[in-house]
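A.B. asks: Heads up: the protein sequence lines correspond to chains Z and L, in order.
In terms of my numbering, the first sequence is residues 1 to 312.
In terms of my numbering, the second sequence is residues 1 to 336.
Cross-link-like lysine-lysine pairs, in silico, DSSO-like; alpha carbons within 30 Å at most: (1) L/Lys101 <-> Z/Lys198; (2) L/Lys101 <-> Z/Lys309; (3) Z/Lys232 <-> L/Lys101; (4) Z/Lys309 <-> Z/Lys298; (5) Z/Lys171 <-> Z/Lys116; (6) Z/Lys232 <-> Z/Lys198.
Since the hints were derived computationally from the structure, they do not count as laboratory data.
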Amino acid sequence: MFYKTALATSVMMLSAGLVQAEETYRIGITQNNVGVDSYQTTYESAFENAADELDNVDVVVLDAGGDVARQIGQVRNLIQQRVDAIIIWPTNGQAVIPAIRQAHRAGIPVVVTNSKIAEAGLDYIAAFSGPDNVQQGASSAEMMCEALDGQGQIVQIAGQPGYTTAMERSKGFEDRLAEACPDVEILETQPADWNREKAQRVMENFLTKYDDIDGVYAGDDNMGVGALNAAKSAGRAEDIAFIGATNFAVGYEAIERGEYYGSIYQSPVDDAEAALQTALDVLEGKEVPKMNFFETPKITADNLSEFDKPVF
Amino acid sequence: MASAEHTKQGFMLSKTHKAGLLNFLSAQGILVFFLLCMFAFSLFSEQFLSQSNIMTVVRQASIIGIIAVGVTVVIIGGNLDLSVGSMLSFSTVLVVDLHDKIGPVGAILVMFALTLMLGAVNGFLVGFMRLNSLIVTLAMLSAIQGLVLIYSGGQNVDIANQSETWFSVFGQGYLLGIAVPVIIFALLAIIVQVVMSFTGYGRRIFAIGGNPVAAVYSGVRKNWCVFSTYLISAFCVACAALVLGSRVMGSQNNVGQGYELLVLAGIILGGTSLLGGAGSIWKTVIGVLILGFIQNGLLLLGYPYYTQWLVTWVIIILAVWLDLANKRKRLLTRHS
Numbered sequence: 001m002f003y004k005t006a007l008a009t010s011v012m013m014l015s016a017g018l019v020q021a022e023e024t025y026r027i028g029i030t031q032n033n034v035g036v037d038s039y040q041t042t043y044e045s046a047f048e049n050a051a052d053e054l055d056n057v058d059v060v061v062l063d064a065g066g067d068v069a070r071q072i073g074q075v076r077n078l079i080q081q082r083v084d085a086i087i088i089w090p091t092n093g094q095a096v097i098p099a100i101r102q103a104h105r106a107g108i109p110v111v112v113t114n115s116k117i118a119e120a121g122l123d124y125i126a127a128f129s130g131p132d133n134v135q136q137g138a139s140s141a142e143m144m145c146e147a148l149d150g151q152g153q154i155v156q157i158a159g160q161p162g163y164t165t166a167m168e169r170s171k172g173f174e175d176r177l178a179e180a181c182p183d184v185e186i187l188e189t190q191p192a193d194w195n196r197e198k199a200q201r202v203m204e205n206f207l208t209k210y211d212d213i214d215g216v217y218a219g220d221d222n223m224g225v226g227a228l229n230a231a232k233s234a235g236r237a238e239d240i241a242f243i244g245a246t247n248f249a250v251g252y253e254a255i256e257r258g259e260y261y262g263s264i265y266q267s268p269v270d271d272a273e274a275a276l277q278t279a280l281d282v283l284e285g286k287e288v289p290k291m292n293f294f295e296t297p298k299i300t301a302d303n304l305s306e307f308d309k310p311v312f
Numbered sequence: 001m002a003s004a005e006h007t008k009q010g011f012m013l014s015k016t017h018k019a020g021l022l023n024f025l026s027a028q029g030i031l032v033f034f035l036l037c038m039f040a041f042s043l044f045s046e047q048f049l050s051q052s053n054i055m056t057v058v059r060q061a062s063i064i065g066i067i068a069v070g071v072t073v074v075i076i077g078g079n080l081d082l083s084v085g086s087m088l089s090f091s092t093v094l095v096v097d098l099h100d101k102i103g104p105v106g107a108i109l110v111m112f113a114l115t116l117m118l119g120a121v122n123g124f125l126v127g128f129m130r131l132n133s134l135i136v137t138l139a140m141l142s143a144i145q146g147l148v149l150i151y152s153g154g155q156n157v158d159i160a161n162q163s164e165t166w167f168s169v170f171g172q173g174y175l176l177g178i179a180v181p182v183i184i185f186a187l188l189a190i191i192v193q194v195v196m197s198f199t200g201y202g203r204r205i206f207a208i209g210g211n212p213v214a215a216v217y218s219g220v221r222k223n224w225c226v227f228s229t230y231l232i233s234a235f236c237v238a239c240a241a242l243v244l245g246s247r248v249m250g251s252q253n254n255v256g257q258g259y260e261l262l263v264l265a266g267i268i269l270g271g272t273s274l275l276g277g278a279g280s281i282w283k284t285v286i287g288v289l290i291l292g293f294i295q296n297g298l299l300l301l302g303y304p305y306y307t308q309w310l311v312t313w314v315i316i317i318l319a320v321w322l323d324l325a326n327k328r329k330r331l332l333t334r335h336s
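Using the sequences and the hints, build the whole thing.
C.D. replies: Following this line, the structure appears as structure tokens:
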């Protein structure tokens, strides 16, 4: 995969050099863990497609396979290759900072994509591009208020502990919920590691523990659908409003069937295109804000038809 | 002789100690502990001993339990199987993905065939090539996870028309009021326990685990015996994948991640020796149930599920220590 891309890149560079004298940007990307989930797999192909459509961009596409050490090596590699910009999807928001600093010192602008790095590293990056997870949590809270008419008891199923996305979504949700509808009480929060089967088990225990649950907020649709499955087999799904985030195909279908109240539409295609565009803007010397969030709208039965079913 | 206590230690115990309440308690320490656990949790949570909660826990524990039945056989035979976690991912992804492509019957058949093939690879490497089972199955744990990712290309798989397929029966169905996963778990446990206790085959597995040299000299074909334990383990994983896939009606690539340790925890907690040659399926069943009730109890008390890890392993180390201390004491009294 990598070699093929590298080969294609060099061939493209060669031909681009022959045809036009206009400046060509070489952008290297090191991703987190392609192939481990559908979102990241779709992101990679979307990124390559977007780069293909631009004449003045060549990309070197790398993947860290979830391994921090490998990602640091890849960043160094890209510095050696003297690429014009580096896009990084951090495997770990803290551990990659030294590598990013090296790139910064070598005069190569770094764009962080999808998931943020720690505060300490912000000085060394040109920009961040990705979803606003705090805002997503807040939007989910607003949907919850709407679904319950501002009153009720809910449970929260969160993503993997320690994962920035999970923490930001929870925080956004809890803060906004307390503000927008203080009469909705969170009975309990349990993590389920973005895993549908675990979410199903956690929900089964919630259903045993609490006789009265009006709503479930899940950190993504994969877990939300797990919770829905549990409630369905307990015959209690009708009484519960399910709200998720990162709309998955299964979540989309459940909204279509009227079993699931709503979610947040986050497209890996938008995510990839935004990252590439941000890097280009930086290279072209445009004024780029530090934080660039692409649009992640609420999706419910009312506006479902405006969105394509997610491919993952 | 032909019982599950057909072990070096078990044999000695039954000779030196006549049955008595105290002896029963120490011999069945794990059962006593189990009841104490149940009692303790019931003090703090009203729902804990409710019928619906017990049913839920037993159903949740059955996936781990089904796999643990197979792995117990491997361990009694003197080897380990750590590959079951990613094997479960593989089989679940496969059966769910093929369900919509070639129909449920074909999907189940292909899944069982390929899972047994993975078991055969384990069995060949450990049984015939005589490689260390820890290393072989640890390598297979990573290799099979890679295989899953290559097969699925990273995409989650789902069954499209979930309400229209009878495939849901394995994970969500009920028979005479009992959840189907529990029935599968119970059937497998009973059949394997009977085979291990009352057949020549079972005795041979105990023999190669307990004293391989003596077993070979008495005519046991060790290679084939070891090979067969991995087939049993793979068969159990395939059954678990059936339940898991049908329960979730979809699968992530890493759905089985961590199951190898949960399974091992249940087996050790039950009291089956990792050294081989001793143990029983029913002990494993108790161990797995304790694990399930601890997790459930902690959740009902409001602790996050990962506190279960801490609590479980503290209990396991305590249990192993008590067990060992007990055996040492008995050996000493016997010799004095």
